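Heads up: the protein sequence lines correspond to chains A and H, in order. Position one of the first sequence corresponds to residue 1 (my numbering), numbered consecutively onward. Position one of the second sequence corresponds to residue 1001 (my numbering), numbered consecutively onward.
Among the hints, a few may not be true.
A partial selection of chain A residues facing chain H, derived with a Cβ cut-off under 10 angstroms [stated by the list, open to error]:
hint : residue
1    : Leu145
2    : Leu153
3    : Tyr270
4    : Asn281
Some chain A residues judged to face chain H by a derived CB distance under 7 angstroms, without partners named [as the list claims (entries may be wrong)]:
hint : residue
5    : Thr21
6    : Met253
7    : Ile278
Honestly, the hints are just simulated from the structure, not real lab data. The structure presented is a predicted model; accordingly, all values stated were derived computationally and were not measured. Every residue gets a Cβ at the ideal spot worked out from N, C-alpha and C, and that includes glycine.
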Amino acid sequence: MTRPQTSVLFEVPGPRARRVTLIGSAAATLVILAAAYQLLYRPLAEKGQLSLQMWGPLVDPANEYFAQVWQRLGQGAANTLIAAALAILGSLVGGTLLAVLRMQLKALQRRQFAGLARPVALFLRVLSRVLAAVTRGCVEVFRGLPVVITIFLAGRGLPELGVSFSLDLWYVVIGLTVYNMVVIAEILRSGMEGLSGGQGEASAALGLSTLQTTWTILLPQSFRIMLPALIGQLVVVLKDTSLGFIVSYEESMVIAKQIIGNLGNPIQVYLVVGAGFIAVNYVLSKLALYVQRRAS
Amino acid sequence: MSVLVERFGVFAEGFWLTLQLCLLSATGALLLGGLVAALRICPVPPLRAVGTAYVTLFRNLPLTVVMFFAAFGLPVLGSNADFLRIPLLDTVFRRLGTDLPYFRFAVIALTLYTASFVCEAIRSGVNAVPAGQAEAARSLGLTFTQNLRSVVLPQAGKAAVVPLGQAVIAMIKNSALAGFFGVVGDLSSAADQLTSVEGEPFIPVAIGISVGYLLMTIPVGLLLDRLEQRRVVAR
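For reference, chain H alone in the conformation it holds in the complex (with noise of 0.2 angstroms):
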């Protein structure tokens, strides 16, 4: 047990950069995902179909995949994800500006990848409004933006928010892949370098690199039931 006390940085440094990736690529996916959910659900049909072929690409492909097109793909395209380093932002979230483009490649692939289920966690809010909400707004003359922004929306978030929230789960889960795309130091690669190449025990690390993850998984997760269950309350 050892290992934990005296390796604390690396696991710390490790939690520090996952957190960092997951909440670029969270930002990133809901931008994203709530753009794709605006296509899939507009009046053009091309839009809708573009909206729907990407969400049917991303959600069937492994994230294995969607890495490794984004770390082996992106510079055989001559892209070094150059345009991530974003210059404010790249003080804060060091990895950023880095010459090294594994840490942003990854950020792209999990903003792609859970962009998709983000769309879909936004849609399906959108479809549990009662149909009779967005009939009776059209009946009274809104057009389709104004139906959109003052009726279905401010609907749709509620149910959306729980299922937004797995989303999120599952893509500060997925980021754990990262490790084995070229990201240096993340928590899974920490746990990688700590136990094949440094030797230390295996039992030890994995559990320090577990309490790491779920730190992030369990307070999303319990803020979830609680907004679950006053939902369920108010219903």
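Isolated chain A (complex conformation) (with noise of 0.2 angstroms):
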């Protein structure tokens, strides 16, 4: 088993070195507590950020908004994650059609189409080419704008277009689905892309075609190495979701804002909504580091 490198970079610390670092940090620890005394602790209690009144409704049970707050909060929760399974749930059945999509053009391209007349192979060619281009650009429009702006897209463009639906949750999933459906196809394709030329090669001597080959050998096996690369893409959906606000979507921090318009308590709210997403993608996070031990 390979160490990983950061614990070849220098000796394990001695008992003089333990000491100095002990004592180290005993000393900074003061002074952060010192110093965010000054400037967390004091301000905030100042303008009575730690108040029980801004608190309250958050943590106190017997606060008279605590039950109706929560209820909201996990409705947004419950929004977030919906949203984001079914943008992942797109946008990986959408990912993994367009990896296959380019890998299939890609072998068009290549092909001669020698037992046809030759003008009509000729219209072929350029045909697979145009094709392939095509793919290539929207590719490389759709990984280059922001998400914000996708979302922003989805939920203007396509009324003016007159596509709307009634739910703002549509506008959402569309607009990250598009983002991340492109980035997890160029994922799994730069998966296939790095697999070892023999795997190809060995399934065309057995006589599948291309699209057998790719959805046989080189899209499970692209899957598997790309495990870790694609769950952290689904940290980026989940955090994404909460772009929803554009569109007014009713996802966790949509419902945070509607809380501190009736309570005006932002800091306390949002601190609370982050500390839910630091939870469920650390988790996330820990379990693609989970899956990179296993399959590697």
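Both chains come to you apart, so use the hints to assemble them.
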């Protein structure tokens, strides 16, 4: 088993180094605590941000708003998770199809269409070039656009084109899917291209078509290799659902804003929502690490 | 489509402001991210813990939350981020010196958020250096800093360039969020202003804004592709 690089860089600290570290961190802790008191606690306390009036609705079950606030927050969390789950599903399916499509087009570009009449073969070759270029262009464009803009496009542009949904959820999901689909397709594609050439050659020698090769040989291996990167992307999707406020989808952040509008305690509510996001995403990234270790 | 020609100034200004925001935040994020990466690989356990905590915190928070705390939390703490009013710099980046602090807040939020990704990119570069290199350096008697400076980091740089570039591209795209947190006149707030306040048609505005972002992200992406290909050949 190879140890991570970081532990190879230095010796294990001896007794003296450990003593210095201990004293140093004790001193640093004192300094940090003093600084936190001066720069964080005092201004917050002076503005009454630590009072029970501000925190009560969130931490005190006896508070009149407590049940209502948590019920709303729970609904927000549920909406966030629903949007994230749909977007993840959509982008996984779409991304896989897009990756396969790009592999197909790439193979098509190499074909000479030798058995056909000259003009037809020429036409088919040009057509496959054009299709490959168009897909590549779409991928580059959507990969280069901010998710903020794709959600904005979905929310404002689709109704203008005559496509409108009764639920804001779908605008968020579409905006997120369009972007992440492309990213996932690229992850899968780079996974397939990273496989050793023998895989594709062996399956071609067995008489599998390009599609069969991609679908049954390359794609499953790519999924396996790229699983950590894929899970990382899922964390991104979950975080990006917070952009739902652009189309006023009622996810955690919008609900938080509504609560703040009524109770006037922005810092406290956002601290709670932020903590929720960190908890869920932390579990997901730990999962990614675990999977990475199992796969390798 | 006439809006693209008639209001070209708005798009150009938005592009320039977003570019400023990105340049400043990228610089900040590279510096801070380098520092956090140094913390995460240093031999002192408490410092490593601080680095890890930083990355865990900012990598798992949505940027929206970070932006929010920068834009509404800092004023509560009594700060207008005046330390970013750097004398010579604010003649070029004029928004740094204005009385409205939201541009500075956006720079702070983007820097803090991106630094965690920069740190991970640098660390992945360090991890890509074969362990034998550092072990050999250590057995030659090189200290930790010597080891990093003359053996590990020069090799790590090559492997870190592509993930670093990806972090920067992601940052450029994330900067679109600043328009929703009080920064006036960047590309995304220009889109909002033109379509919902001035009632310009949506599609042309969207095209203009998209071109603005693609002008920043695609060149960086192409550069990265080239670097990656060169690296593959070199291997």
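Structure-based check of all given hints:
{"no.": "1", "hint": "Leu145", "result": "6 angstroms, holds"}
{"no.": "2", "hint": "Leu153", "result": "6 angstroms, holds"}
{"no.": "3", "hint": "Tyr270", "result": "6 angstroms, holds"}
{"no.": "4", "hint": "Asn281", "result": "4 angstroms, holds"}
{"no.": "5", "hint": "Thr21", "result": "5 angstroms, holds"}
{"no.": "6", "hint": "Met253", "result": "6 angstroms, holds"}
{"no.": "7", "hint": "Ile278", "result": "4 angstroms, holds"}
Figure legend: structure checked against the earlier numbered hints; every hint is met.
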